[in-house]
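If you want the building blocks of each chain, they are given just below.
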Amino acid sequence: MAAEGGIDPIHQFVIAPVFQIGPLPVTNSAIFMIAVLAVASFIMIVGTSARALVPGRLQSLGEVAYEFVASTVRGSAGQDGMRFFPMVFSLFMFVLLSNLIGLIPYTFTVTSHIIVTFALAAIVILTVILYGFYRNGLHFLHLFVPSGVSPFLLPLLVLIEVISFISRPISLSVRLFANMLAGHITLKVFGGFVTMLLASGTWAIILAPLPFAMTVALTALELLVAFLQAYVFAILTCVYLNDAIHPGH
Amino acid sequence: MATTQETTTEVGHDGGHSGVFPPFDPSTFGPQLIWLAIIFGLLYLLMARIGLPRVAGILEARKAAHEGDLNEAARLRAETETAIASFEKALADAHAHAEEIGKQTRDRLNAEIIAKRTAFDAELTANLDAEEHTIAENKAKAMANVAEIASEATMSIVKQLTGYTAGAGEATAVVGRIMKS
Chain A
1 MAAEGGIDPI
11 HQFVIAPVFQ
21 IGPLPVTNSA
31 IFMIAVLAVA
41 SFIMIVGTSA
51 RALVPGRLQS
61 LGEVAYEFVA
71 STVRGSAGQD
81 GMRFFPMVFS
91 LFMFVLLSNL
101 IGLIPYTFTV
111 TSHIIVTFAL
121 AAIVILTVIL
131 YGFYRNGLHF
141 LHLFVPSGVS
151 PFLLPLLVLI
161 EVISFISRPI
171 SLSVRLFANM
181 LAGHITLKVF
191 GGFVTMLLAS
201 GTWAIILAPL
211 PFAMTVALTA
221 LELLVAFLQA
231 YVFAILTCVY
241 LNDAIHPGH
Chain B
1 MATTQETTTE
11 VGHDGGHSGV
21 FPPFDPSTFG
31 PQLIWLAIIF
41 GLLYLLMARI
51 GLPRVAGILE
61 ARKAAHEGDL
71 NEAARLRAET
81 ETAIASFEKA
91 LADAHAHAEE
101 IGKQTRDRLN
111 AEIIAKRTAF
121 DAELTANLDA
131 EEHTIAENKA
141 KAMANVAEIA
151 SEATMSIVKQ
161 LTGYTAGAGE
171 ATAVVGRIMK
181 S
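Read top to bottom, the protein sequences are chains A and B.
The first sequence begins at 1 in the working numbering and counts up one residue at a time.
The second sequence begins at 1 in the working numbering and counts up one residue at a time.
Keep in mind that the hints are not guaranteed to be accurate.
[Unchecked claim] Restraint ranges, calculated between C-beta atoms of paired labels, are given here:
| no. | chain 1 | residue 1 | chain 2 | residue 2 | range |
| --- | --- | --- | --- | --- | --- |
| 1 | B | F87 | A | G78 | 51 to 61 Å |
| 2 | B | A78 | A | Y131 | 42 to 52 Å |
| 3 | B | A64 | A | V26 | 26 to 36 Å |
If you're looking for bench data, these hints aren't it; they were derived computationally from the structure.
Model, not experiment: these values are computed from the prediction.
The beta-carbon is built from N, C-alpha and C at its ideal position, and this holds for glycine as well.
Same shape as in the complex, but just chain A:
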């Protein structure tokens, strides 16, 4: 079992029902989504319930998260973008906590599934499109027409802009998904090397510390990636929302 788990780096991504609620299977993915919700609520609601003027640790954490995301939204989408602050904050917390919880051994990484990241990206892009048309009407289409370009080049540039817009949800979701997937596979592979070398029973045992050190280093890197990908997701969301708020180049 251990050897099989060590060798198969894909097994960690398998989604299996743990139990059923009526017709809906409660999968390992669902349980970790609930865990993400629980941790986010714990930080942002339980931690801030004292409303202390001088914050404790948990309240500080909540305030830091709030101010970090708020400054990102204000910096990328302006004061008008603050109407989307709850959405960006929820996306950031969901992605960040999914990534971080997924780094704990024996857990499941919600964001390592393309359908989840794509759904999150779709929320962003649909919001951009709907709000863009709601706020700007057809003027929103100026997003695809760069100004000050010669009429001969314009069709080509409009095509490029449209392709670039369509590729946004794909790049947004695949970036996060691929980072999580690759990181966890790499961790699993190097962790697997450790168990394989130890189990080999030959002189190769002395090499086991090398992949172990690599695993430690990779874990630190993945911690950075977990945060960075959540930040990238949030800031790109802000950039795209900024297009909906201020279309036209």
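Got chain A sorted already, so can you dock chain B onto it with the hints?
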């Protein structure tokens, strides 16, 4: 052996799509999307309705408290400066008042001294005049006596020399004539 059995069972359970890479297995998409919708919806509601307004309130209250403290400090400093200014003004007033009192006292004393000296001078002059008058009176009196003595002497001299008893009026007239010359 039992573990192997268990593993086999688990693989068998996923047997319908065991050949598919798990993240690309479409049979898991439905439940994942449903759960994501539930959980993300709840997360959004909890953050937007409770968590974020609360943190915003905390930050706002803290900012207000800081600004209130700063304003209070500025107010107290202004108060202190006013107090210092009024104290310095009172001090300056007291100085001026003290100088005024000193000056008045000095002037009053000077005036008194001058008045006293004038009065004393006047008294002195009056006394001097009186003395001079007395002296002159005494002198006049003395001179009158001298004439009387002289006429008496003249009468007795004349009587001794000539035996003639001269009248008092005669002798006085003669003496007066001599004294006048």
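Beta-carbon spacing of A78/B to Y131/A - inside the hinted bounds 42 to 52 Å or not: holds (49 Å)
For F87/B and G78/A, compare the CB-CB distance with the range 51 to 61 Å and indicate the outcome. holds (53 Å)
Is the hinted range of 26 to 36 Å satisfied by the C-beta distance from A64/B to V26/A? violated (45 Å)
Checked against the numbered hints given earlier, the structure breaks only hint 3 and satisfies all the rest.
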